[in-house]
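The whole structure should be built from the sequences, with the hints applied where relevant.
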Amino acid sequence: MTYNINQKGFYGQFGGAYIPEMLYSNIARLKDSYLEITSKASFKQKFHALLKDYVGRPSPLYFAERLSEKYECQIYLKREDLNHTGAHKINNTIGQILLARELGKTRIIAETGAGQHGVATATVCALMDMECIVYMGSVDIVRQAANVSRMRMLGAEVRPAESGSKTLKDATNEAIRDWIDNPVETHYIIGSVVGPHPYPDMVARFQSVISEEIRIQLKEKIGRENPDYIIACVGGGSNAAGAIYHYLDQSDVKFVFAEAAGLGVETGHSAATSILGKPGIIHGANTLLMQDKYGQIIEPYSISAGLDYPGIGPMLANLIHSARATVEAITDQQAMDAAFSLARTEGIIPALETAHAFAVLERKKFLPEDVVVINLSGRGDKDLPTYIKADLAS
Amino acid sequence: MTYNINQKGFYGQFGGAYIPEMLYSNIARLKDSYLEITSKASFKQKFHALLKDYVGRPSPLYFAERLSEKYECQIYLKREDLNHTGAHKINNTIGQILLARELGKTRIIAETGAGQHGVATATVCALMDMECIVYMGSVDIVRQAANVSRMRMLGAEVRPAESGSKTLKDATNEAIRDWIDNPVETHYIIGSVVGPHPYPDMVARFQSVISEEIRIQLKEKIGRENPDYIIACVGGGSNAAGAIYHYLDQSDVKFVFAEAAGLGVETGHSAATSILGKPGIIHGANTLLMQDKYGQIIEPYSISAGLDYPGIGPMLANLIHSARATVEAITDQQAMDAAFSLARTEGIIPALETAHAFAVLERKKFLPEDVVVINLSGRGDKDLPTYIKADLAS
Amino acid sequence: MNRLQKLFDTKQGDILNIYAPAGYPKLEDTMSIITELDRLGVDIIELGMPYSDPMADGKTIQDSSQIALENGMNLDVLFQQLSTLRENTQVPVVLMGYFNQLVQYGLERFLDSCVKVGVDGLILPDLPMEIYSNQFQALFEERDLSMSFLVTPETSDARCQTAAQLSTGFLYVVSSSSITGKSGNLGEDQISYFEKIQSLLPDTNKLIGFGIHDQASYENACEYANGAIIGSAFIRALTGDKELSSNIEEFITSIRP
Amino acid sequence: MNRLQKLFDTKQGDILNIYAPAGYPKLEDTMSIITELDRLGVDIIELGMPYSDPMADGKTIQDSSQIALENGMNLDVLFQQLSTLRENTQVPVVLMGYFNQLVQYGLERFLDSCVKVGVDGLILPDLPMEIYSNQFQALFEERDLSMSFLVTPETSDARCQTAAQLSTGFLYVVSSSSITGKSGNLGEDQISYFEKIQSLLPDTNKLIGFGIHDQASYENACEYANGAIIGSAFIRALTGDKELSSNIEEFITSIRP
Ligand SMILES: Cc1ncc(COP(=O)(O)O)c(C=O)c1O
Ligand SMILES: Cc1ncc(COP(=O)(O)O)c(C=O)c1O
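Residue numbers (the numbering used here), protein chains in the order written: chain V, 1 to 394; chain X, 1001 to 1394; chain H, 2001 to 2257; chain E, 3001 to 3257.
Treat the hints with care, since some could be wrong.
[As the list claims (entries may be wrong)] Quick list of in silico lysine-lysine cross-link-like pairs, DSS-like style, CA-CA up to 25 Å:
#1 X:Lys1221 x V:Lys40
#2 V:Lys278 x V:Lys8
#3 E:Lys3026 x E:Lys3242
#4 X:Lys1278 x X:Lys1070
#5 V:Lys389 x X:Lys1389
#6 X:Lys1046 x V:Lys70
#7 X:Lys1278 x X:Lys1254
#8 X:Lys1105 x V:Lys70
#9 X:Lys1070 x V:Lys52
#10 X:Lys1044 x V:Lys221
#11 V:Lys221 x X:Lys1052
#12 X:Lys1219 x V:Lys44
#13 X:Lys1070 x V:Lys46
#14 E:Lys3196 x E:Lys3242
#15 X:Lys1254 x V:Lys219
Because the hints were derived from the structure by calculation, they are not lab data.
Here you go:
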């Protein structure tokens, strides 16, 4: 059994491309060319050169001594927080901007939640001198103000999405509308392993550099490529997909995904998609989706703008559905506590999204010899106002 | 002729240790042991392991294609902005915290201007589980609020310095007073190549990893170790010292330092130490110093908290004095423009300090084949409010 | 043969299809609007099933959908409201919505309900032709329910032909590559696109939609197809300053004086 | 032999050295304070040369230095004020300041000015003994100017001996490893430190400073040395609620009733 994508763009029952005709030619062109373009030697060379010299890859795999002592196992942190712009998101935008150039596009649009994907997109657009429009929920514009400033300074236009919950889902709707309006010269850089095929696979491939490096680094450090656990937070799922990609078919490597439980799974203020969701279609893919019995999408809630999404990438939906991966639902408060604990134990302030992954350590019991890799998907600079407010309140 | 430190702790006429007796035993112990401790294999191993896995070194040397086109020369950026915590400062704090442990210290104090050194110190203290007090001018606490939040989240206590100009110089005074008060259990981690011997040399050695890497990386990229120019901003001078360390005696490598001219060298609101300063003693070292005819230290001014210092490291004072290096005085506005230009051209938002180095590109004329290395000492997240305010005003 | 097909059998030009969101402006307005449009001689009514995330629609439709949902509209209510549809009128009615609504309701159950209340066809912009033809076409045909697919200026000739073939009501010709709700006059590019479609598919029933908003654009569209679809402009008219029925009458007579 | 050395020749115990910043609280107060202290029988006056960045001093001295600088105090003004010093008093006067002040003024010019106005010695806390003995000692000796170095609990025995040897006025025994201005009573550690200094340097003139603030701490210090230095406590008293001279008198009589 393979957990990778099939010829038709599906992971098991999940995936596909449920898109209006207005997007068809763009998506079809992408689907027909992405593997060819990205496997050309010249593309690979450019991609890897930028990842190395511009992004700062390989990102370290850091043995967290004090954290390991605290949780009585062997904890390694994959330091995506050290990437240029501060999260894993840039791996994907570097890939997509090169692809967009190959496709002859001159204008870039993107959606963003936490702003990290928006910043990563604005960054590569500045680098390649392309016009850049980023859609962002107006709620997120407020709670991730620092990233809004960064995007503007990088020359991008940030357009507020005012519909629905005014968060990531709605920003995605607006970006799709923009693409429908501007199909010829525009490429849409989706920021996670969501959306219609081929996006989930394309983004996962660009992010798979994470697990490629983990394999080499673990081998160097402990003599074997496979950890016992990989833990990652899941919004759309791109950092998780990247961290597990090369381990999909290694059944001795267990995957644990941290979802945002918000105020609690049962409270009605949650973004715990895999627990609260059923199969359904969002943004062009069949996946697990928070929805009512009429298929209306339920507005999610999480303190973390990057996890505040009612769907999940189809690859991950399939892994969860087939019990290849387990999920832990982490509340706002648990994530907050985990962020402070990491800061005080290892001197690393994680993104609020990432903090959800660290909260898993409080949940699961590991053996002393278990090798646990946590994907440190981003740094917390953007979340300082939230952290400080919480600290003052407590 | 060597530009390195001599046996007595001087660079030419500059340097020394003009300290009160209350600091003598601490400084003497440091002076007598720093070379021995830092050259032990076990120390080196720990230092380099942390630089690699925790800090994320080597930092890339990135060929900036669009910037090179714009300025018609070959521009390489040394990406200290990609280090953990976002600036070169962490190279030094990693070294000093390991040294402090060897010396049996349990409490750490530091001064900070931009907050980067404070964050870097708070970070290594969290990592090593040590008490941490950071002194910071109350003016800087306001203008670098994000870094104050980071220090607090990392568990450090930030104590405001209310005297004088309420900036870096005054924070340093307070830190020295604290050390005088607590000489036994406390180590003072100075954040730049300033202060009494052996600090300038010790910090320069910890930062010299920058030029060590540049040599290797340039050799790899262009087949020779030596660039034609190295450009760095200078507050105290630690990033500059690190970037030039291995080139000190290579006379074909020209050094250009960017100082903060504030509102203009002649306006009375400036921190252009090497232009406005004369030899004098500050914080224990004889160096170039902004002072009146009575030796009273003049309060400096720069929009950039990390350059807002009336002195300069004695190593750099000597290089400037002996014409080994040249200095460009960059105004607030020129630095600001350079920051926006870098953001829009290369997708990199530099620290306000670092932006001064980039403004040099507008000043100097290079040959098309000139290889110019700019030390990108830090990222600009901490400066976003300042950048945005300037952008709105213009 | 359903009412939609019958219509095209008897009328080949100047067909006016009006889009209205169900349950908007008030929950109970659905049937009144249908009745009124029928009385005014509108040829086809396209009833929007309000959806939380209508990605193929513009702001006007999205906002009205949102209000309809807040009014309490859902598929159970809608089929309830439509239970008297054929007591009052024989105007062809098609439902427009998003595929997930059908999936969650149960696809066959949904189609059966359509048949029961007398709906004639469907438009599901996010259901790809491939999936439809592979998995669902038979279910539609069994029930004599029409289906309409969209083509755009970016759609290849081959794909236009497939769309035409699969469309049993009419082919939905998107006037420009842009979201519903934009309005402007026909440009050269659009005209040559319409001419291409015309020569490629001379025998297909075609309605032009997106951006049609007044008499001029309606008449213009009718030159290149069997008729036109008006959505956003009609929605905006619904909340004009008069009573609902006067607002409707005023708008329709402005299109077809 | 200068006045300082003469003092220790004639008086071996209970010496009271009062530190006062020049030009504080008002610019013109310098001479009045000296005169008043002399009148009250204070043995030595240590006059602070206000400095912008007095790193060896605590907050009280720093704040008063700042005010003195704002009052317009500088070395030219100071020597001008002191030009009548020896017309009025023969109390030993030492200047305390930071080395950079002397460097910028011109070291020899500074020493000459001291001699000219009748200053007897200097305390320069940031001038290391090594630099002094290598470069400047002769200049001081030529002019019969005394020098005082500091020792602290952290100072090694050998270094204490060097300090004692180089100190031609008195050895400044820092009572605890802490900035001036802190106050508290003597602890066991301090007492054994004083006893060590006493037995190591029985023949050296020693004054204990830092933290001496009232009669008890003064008398306590006098048990272990030739006397004591009071700084911050006196500065605080200067701005008491009476007139300057009354504030001074009240403070001095509280120390030595
Ligand atoms: C640091 C970080 N981690 C995780 C996420 C969630 O996205 P994904 O699940 O695609 O990794 C985000 C989204 O913005 C993010 O910024
Ligand atoms: C990014 C950055 N660059 C430069 C400096 C100036 O210090 P130095 O001259 O020691 O490199 C600072 C000081 O805070 C800084 O944060």
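Which earlier hints turn out false for this structure, listed by number in ascending order?
4, 14, 15
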